[in-house]
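There are 4 protein chains.
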Amino acid sequence: MKRPATRTFGILTSGGDCPGLNAAIRGVTKAAYWRYGMSIIGISHGYRGLIEGDARLLHPRDFDGILTRGGTILGTSREKPFKPDPGEKDSEAGSRKVEAIIENYHKLHLDCLVVLGGNGTHKTAYLLQQAGLNVIGLPKTIDNDIWGTDVTFGFHSAVDIATEAIDRLHSTAHAHNRVMVIEVMGHKAGWLALYAGIAGGGDIILIPEIPYDLAHIVHHLQTRQQRGKEFSIVVVAEGALSREESLMSKEERKKRRKKNRFPTKGYEVAHLIQEATGMETRVTVLGYLQRGGTPSPYDRLLATRFGTAAAELLYRGDYGKMVALRDGEVVAIPLGEVAEKLKTVPPDHPLIDTARAVGTCFGDGV
Amino acid sequence: MKRPATRTFGILTSGGDCPGLNAAIRGVTKAAYWRYGMSIIGISHGYRGLIEGDARLLHPRDFDGILTRGGTILGTSREKPFKPDPGEKDSEAGSRKVEAIIENYHKLHLDCLVVLGGNGTHKTAYLLQQAGLNVIGLPKTIDNDIWGTDVTFGFHSAVDIATEAIDRLHSTAHAHNRVMVIEVMGHKAGWLALYAGIAGGGDIILIPEIPYDLAHIVHHLQTRQQRGKEFSIVVVAEGALSREESLMSKEERKKRRKKNRFPTKGYEVAHLIQEATGMETRVTVLGYLQRGGTPSPYDRLLATRFGTAAAELLYRGDYGKMVALRDGEVVAIPLGEVAEKLKTVPPDHPLIDTARAVGTCFGDGV
Amino acid sequence: MKRPATRTFGILTSGGDCPGLNAAIRGVTKAAYWRYGMSIIGISHGYRGLIEGDARLLHPRDFDGILTRGGTILGTSREKPFKPDPGEKDSEAGSRKVEAIIENYHKLHLDCLVVLGGNGTHKTAYLLQQAGLNVIGLPKTIDNDIWGTDVTFGFHSAVDIATEAIDRLHSTAHAHNRVMVIEVMGHKAGWLALYAGIAGGGDIILIPEIPYDLAHIVHHLQTRQQRGKEFSIVVVAEGALSREESLMSKEERKKRRKKNRFPTKGYEVAHLIQEATGMETRVTVLGYLQRGGTPSPYDRLLATRFGTAAAELLYRGDYGKMVALRDGEVVAIPLGEVAEKLKTVPPDHPLIDTARAVGTCFGDGV
Amino acid sequence: MKRPATRTFGILTSGGDCPGLNAAIRGVTKAAYWRYGMSIIGISHGYRGLIEGDARLLHPRDFDGILTRGGTILGTSREKPFKPDPGEKDSEAGSRKVEAIIENYHKLHLDCLVVLGGNGTHKTAYLLQQAGLNVIGLPKTIDNDIWGTDVTFGFHSAVDIATEAIDRLHSTAHAHNRVMVIEVMGHKAGWLALYAGIAGGGDIILIPEIPYDLAHIVHHLQTRQQRGKEFSIVVVAEGALSREESLMSKEERKKRRKKNRFPTKGYEVAHLIQEATGMETRVTVLGYLQRGGTPSPYDRLLATRFGTAAAELLYRGDYGKMVALRDGEVVAIPLGEVAEKLKTVPPDHPLIDTARAVGTCFGDGV
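Residue numbers (the UniProt record's numbering), protein chains in the order written: chain A, 1 to 366; chain B, 1 to 366; chain C, 1 to 366; chain D, 1 to 366.
Calculated directly from the structure, the hints in this document are not laboratory data.
Be aware that a few hints might be false.
Since the list can't tell identical chains apart, any single copy or any two copies may satisfy a pair.
To be verified - Straight-line distance between alpha carbons at most 30 angstroms, and here's what the computed DSSO-like set of lysine-lysine pairs gives:
# : residue 1 : residue 2
1 : 80        : 229
2 : 229       : 107
3 : 250       : 123
4 : 258       : 83
5 : 188       : 83
Computed from a prediction, not measured in an experiment: that's the story for all the values here.
Make a model of the complete structure from these sequences and hints.
This is the structure:
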């Protein structure tokens, strides 16, 4: 393999942190340095670091031992450079930030910018590409909702954590004859609730893609009771919607929520179940625990695979792409195809039928 | 060893479930059956089962494979037979329940009742003993707040779970430069927060026994920032009190809390920190996750030890006692010494100085 | 959905146990009973139970709580009914056993036999099908070497366990500046070594499919040393072969092994490395630890999916098939296509290039 | 608190690595630096680093994030400076090394040397103290065999790992109706086998302190079989001895072992059981897995406690001591009391009776 004239790339992580970021960083940088002889510029705290010029030359030894570590050694932020800051009238600040990014990109003599992030990150990546920069994206998120890839790294680690939590609640539910409601992440996509719900043996799974009726939930719990199962586990995605809510506009939903006192969806579901059935019901919100800790072996493998594939794209100068997994193969898809889309659970996804077959209820009366 | 005329004992688990209950049940029953030839009556769902006569003869094979399981195969409840039900004017119901217990105790031909539980359970046990029953208690609780024993089973499993949660939050805190507040159980005793806080490397630990001032917390966070530590972990016992609150009556505190909108103490602390420091602050409430799952090896050992010691008390007819660990040895202490007391963290406990020595702040300005 | 005239199926687990067997049993039986109204006959200890008529009618409640449990509640054995017992001259015993199986199949009024197992199990299943029985297979094995499916359940749990072990060895290797050799399962297929090797950051991975030269291994270790890495992790599949061995006949290899004193391949590799490099080298054989314990969420999902798919095949009367995963979808493939084949790691598998890209050596000088 | 004139201490880790070393290092250094204003010299790879002068000034920030990490950031070695190297006629090399240590101790202007290690380390520490150096010791070892302290850090982490391994073997044992032998560390002391054996529900536990007879083991396994328990778990300390062996001299034992082909004690026990009972028996040697990985919360607490106590000894100039835990309190005991002693399991240790009470056999016919 003939080596190209030495290239330099910047690398940053953006959006919520998730397991596997460091493994992916390691994959990109090890392959890019040792295999292709490139130079690595590490950018701190996502796009914010690129705006502020917070960047430095790195050596593979800076990535020693990070394969197993949670978080991101580069730091991250939720900075969205194309979005005006709250309170600003127009996009002036936005353009100022984008200009700073472009300026720093050139000052740092980057041939390409490698970004690791979720939907927001890739939207920005696409806009930067249109603004003339070379960009390569890697799909990370515990939500698994990035369009174009079968799976994102971080997702399976979160599934592991949520499943372990459900396992723990099982013993408490059983000991006390209780309904235990567990709320997991997923505003618009129910992947995490679906996977962890099946893996944890959840009796009811509520996801944003399948609106639920309380009546069906109640019926399912009572049928279980009649069969001698005095406890139940209910797995709720934070963005789950009742049929009623699903017919409302976003504004109406917001208003309704303000009126109710439930901090989150899990609390609401727990309250309604207890009221309707008289069963003792408790709620657990998993929250930030889903993001942290060492990545699972699956995610280390996937992140390493994505990372080395990104290095190859760098080498080939094949910019403007996001690496993705499709049918077991790593491919590269144009950023333009990814931006502004969301991968939600299709109602006919085979896992939904799998779950129903073992007796799980989605609150929709099927 | 000469075997006594066969004895029969009832066994029940009462109060919140916690890891190690099954291990303790196994310890009592295996030793009582095989070593001492006793008969075992399993009572369902705590004192409620004894009131309702929900009990059956068990064989050691019913306890196969339970050493590692969370929860309790006997089921539990928070039934307090001596307490009138809400709405009842006097203790009529209470006496009715107690009478039912005494009646069933004799109907089942019990020589002794073995109860596994926390403070409430042992208070009831003491009252039953005074009412003429033979009772032996085993101290379980994740709070470690039972007077008379150095440690309860369930505690170290909860410490493990809470510490693992703190470990996970560390990576998120670090990646985002955030203050992560984690609320753990402990209404009146801060053992769990103290142990998990030190084991997890918490920067600030707030426990009921040491009233905190926000000013000291803020100062500590800012000092860390000046030393380049942009993130911090704050471990809060659910019953932590500010100095102000610590001077209030229980009623005043309740009123104050109603006025504020914070669902729990962790939320309040997080809100105040963010407001006072401007640092991005997030809260995680560990909740029921602390109760569930397989007991840690430490708790399996301790529960087995307590269980076999209880069997020996049964054999010797040494009733009216709770088994306990003191300076590494299992001893038996009179129920009367345990009831109505609470073991909280003494302000001069050596672990508090240990924590301070590695830089942990308790919010008290020391 | 119209229910068929009630069907009855037998279910057995055969071959080495692995995580996910119980989850798959639960999937088949729950779906078959509740969705399709079938009757379930549980057969003990694999084909041996069918030979001996060790079987009984089961109810879904017999499968309560088994989703998370390792092992198999049905028990297993390595009985191969078509193979004569050692010492027998011809296949008389074989035919006797097969006749007993056929007889018991009819005595139990089975409409189909569901077998959960690996390559040997499916070979037998195919022969039984040819002998006139209806059979459906589910692919389990930690080796992932069953032809026709992208992945088997049990594999990812074993990857998790092996990776965790490698993580542990890392700290010891680092503290002592040692070469740590870890031997994992895989006689003919190197999937487990490959996956765990990458996920654990192994520096050298030796698998049966890529013959190794000691010289390349030594060179790689010394290069690492020159870069300041004083320790290394070597992941060895138990069936790894040196280039020399790969050119020998099976008999020659056996003879050679007898002459050497190494209990297993890992010991040999460790010895040769220490001798050739002078580096302190230690070996760990993971052994049975790879089979046990609770299945990973991934395997619970996959096993549940395979189980419910098998129930659907039962319902449709679509016999003579093994359920399989291909490109993310569950399909059914004829037993005849599976039997006698083995799925090994193709030398051009993308993960091998991924591993090389992050600096892993396969001992082949590439 | 009045600060002393700034002191400087060197710190090293020696002997086999174990979980909690980094936590203890962090405890000493954080407390010594922030609380007492001392200077820290980190010495690489145990006493070898002190011989070679491999040392450097450290700052608390060098210890950031190490609380949870396995291994030791200082590196370790098994260097015993007072022992002549193999092949040397007299102790010339020994004295040369000791002289180098003394020379470097003064060159580095150390006021004290803090050593973290096991029995060998503390023996050396005592000799160095007698040679005029100030030394403070911290007891680490997974074997828990250091005289003078109730427990060492590293021990409970190893118990956790070994127990988890036993849990895994349980499912395999059960699925196959097998006897599973697991060998854990412990040449002279059986603490680890005893603790993990009870916590894991081992049916037979063999430790060096209680010589075993095969006949009793066989009897116990057969009794279990008669009660319908077709599988058993046998936990063997690597230094377990049969009654016959216990009566031999060390030389005789060595000779006998050479004659037999068993690589380790676990293999021998497994072989003899299978031969004597006809039960299928398998062996697992846990090996280096017991040393690695993140320390358990218990060990992090204990190591932190020992570390900060050592810092206080440094501050008080209270040299020549090892920190220790006695009846829950941290104390300091003279090195001279510790050296040359070994803490083994007393035959009347209460845990042995606990184990017997739940049906565990120690192979001694009690």
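Taking the hints in turn, this is what the structure says about them:
| no. | hint | in the structure |
| --- | --- | --- |
| 1 | 80 with 229 | between (49 angstroms within a copy, 25 angstroms between copies) |
| 2 | 229 with 107 | between (66 angstroms within a copy, 29 angstroms between copies) |
| 3 | 250 with 123 | within (22 angstroms within a copy, 53 angstroms between copies) |
| 4 | 258 with 83 | within (26 angstroms within a copy, 39 angstroms between copies) |
| 5 | 188 with 83 | within (21 angstroms within a copy, 47 angstroms between copies) |
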